[in-house]
Each structure stands twice: as structure tokens, then as C-alpha cells.
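Participant: Produce the complete structure using the sequences and hints provided.
Protein chains: 2
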Amino acid sequence: MREHDHSGLLEHVREEMPSDEKLQELGDLFKVFGDITRIRIMYALHEDEMCVCAIAELLGMTQSAISHQLKTLKDADLVAARREGKTVYYSLSDDHVRSIIAQGYEHITE
Amino acid sequence: MREHDHSGLLEHVREEMPSDEKLQELGDLFKVFGDITRIRIMYALHEDEMCVCAIAELLGMTQSAISHQLKTLKDADLVAARREGKTVYYSLSDDHVRSIIAQGYEHITE
DNA sequence: CGTTCATATGAACGATTGCTCATATGTTCA
DNA sequence: TGAACATATGAGCAATCGTTCATATGAACG
Numbered sequence: 707m708r709e710h711d712h713s714g715l716l717e718h719v720r721e722e723m724p725s726d727e728k729l730q731e732l733g734d735l736f737k738v739f740g741d742i743t744r745i746r747i748m749y750a751l752h753e754d755e756m757c758v759c760a761i762a763e764l765l766g767m768t769q770s771a772i773s774h775q776l777k778t779l780k781d782a783d784l785v786a787a788r789r790e791g792k793t794v795y796y797s798l799s800d801d802h803v804r805s806i807i808a809q810g811y812e813h814i815t816e
Numbered sequence: 707m708r709e710h711d712h713s714g715l716l717e718h719v720r721e722e723m724p725s726d727e728k729l730q731e732l733g734d735l736f737k738v739f740g741d742i743t744r745i746r747i748m749y750a751l752h753e754d755e756m757c758v759c760a761i762a763e764l765l766g767m768t769q770s771a772i773s774h775q776l777k778t779l780k781d782a783d784l785v786a787a788r789r790e791g792k793t794v795y796y797s798l799s800d801d802h803v804r805s806i807i808a809q810g811y812e813h814i815t816e
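Residue numbers (the numbering used here), protein chains in the order written: chain Z, 707 to 816; chain H, 707 to 816.
Derived by calculation from the structure, the hints in this document are not laboratory data. You may find that some hints are simply not true.
When chains are identical, the list treats them as one kind, so a pair holds in a single copy or across two.
Unchecked claim - Straight line, CA to CA, 30 Å or less: simulated DSSO-like cross-link-like pairs of lysine-lysine: (1) K777 with K737; (2) K728 with K792; (3) K792 with K780.
Facilitator: Below is the structure:
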């Protein structure tokens, strides 16, 4: 399968393309959104902060599973943690989370 | 680890939460964005349609690899295909793609 | 201190993912 | 029809992912 010619187009597109590093970061970010448990957690935190065991109870899942996922979300700067005694409260870290989910929701409900 | 009480909060959050089906769809959608090759393809199609072999050449990847990923993108309604003779041209199917990527990009470059 | 509650984390295991390779389908043209 | 080109697709395999289980850390309180 020898390719036909598109030399002109390619050079132009190449200029518009962000760096590999940025693209990788972008992919890694969306990967975090690509799991139903993490989506559920983000929806749970949509209105207010919550502690780990409340989220676990809400979703009917293990504390451990939730904690692992919260770590993933935190590493991606999607949630922030605040400690109060024994309890750790998590909240959405900024409005990008809400925007991204909202855009996705629009797409699937069109 | 017996949990402490949060009966009030949980009921409220449960009402705001979309159905499992919607959440799964949402997760599946973002999963598609969660791969650098597919991100690259969407960026390539950002301005104009392209045929499969042009994308393959642009990204320095196999025609087969690109074709598989285009199928994934098409199944998620993120790209549309148009045939012209032997060639198949792909393009972004709507502006949600651009919006979602733009929001993600904002998040990582804050 | 030691106990209890809340959370975090490492190892392990099944499930999913993205690529490659081989091959099939579809289109044009001689 | 048959050859050449463009694309699609199925099987297989290494790598990654999400959970579980066991255990560790950390804070409050007697």
C-alpha cells in the first residue's frame, strides 16, 4: 500500500499540532475521566466536598478502591484534599472538571 | 473501618447523580479521548478532513493502526467518514470534540 | 502508651487496550 | 476480469488498568 501524495497538507497540519509532551499530558488527563468510578466520584463532589468513606458508601464500593481512585484524581489535579482530624475531605479542584464533564454530557445526549 | 454517619448528604447527592447508563456512556466517551494517538488524529482533523494514509504518514504510524483508531473514533461519533473513490476522508463530526479538547488543554496549561 | 477510626498504599490478578501481522473488502482502470 | 491502490478487520500479544486483600500510616482519646 504505497501512499498517494499529500505533502502540502501535512506540513501545514504539523505546524498546528502541539508538542508531543502536551499531547501526552492531554491524553493522560482524559484517561482519568475515562472510568465510571472516577466519573461518579467527580459527580459526587459536584456540589460539595465529601470524605472518603461517604463516597465509598454512596457508590457501594470499598474504601480502598475509592482511595486509590482519589489518588489518581488528585495526581491529575482534578480534586483537592483537606484534612480535618481523622477525616479527609475531597472536593473538585477547579471548574475545568465541571466544564469538561458538561461538554461530554452534551455530546452523548445530543 | 466502620464508617461514621453521613445519611443526610448521601441522599441529596444521589438525586443529582445521572443514571448508571449515562455515566457509563460518559466514561466510554472520555476513554476515547484518553489516548495520544487518537488525540493526535483529532488535532490533525481540527482544521480539515484527511484521508487515512495522510494521517498515517503525518503521525508516522501504520495504516492499520490508524484505521483501527479511526473506527474507535467513529463508533464514538467523534469523526465522520466520507468516501471518494478509493479514498476515505475523515473529519471531526461536531464542535463538541473541539470544545472538550480545548477545555482539557486549558486545564493542563493553567 | 494502646486502641480505635479514617485513610493510604503495595502486591497480585483478571480484564481491557493498542499495536502488529496477515488478510479481506472495496474501488478504479486497463 | 485482473492488477494495483486505499482502507478495514480479526487474531494474538505485551502493556496498562481497576479492583481486592493485607497492611501501613495518621489522628484522637482514654
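Participant: Compare the structure with each hint and give your call.
Facilitator: Structure-based check of each hint:
1. K777 with K737: Cα proximity of K777 and K737: in one copy and across copies (14 Å, 19 Å).
2. K728 with K792: Neither way: K728 and K792 sit 38 Å apart in one copy and 34 Å across, limit 30 Å.
3. K792 with K780: within (19 Å within a copy, 47 Å between copies)
When the structure is compared with the earlier hints, a violation turns up for hint 2 alone.
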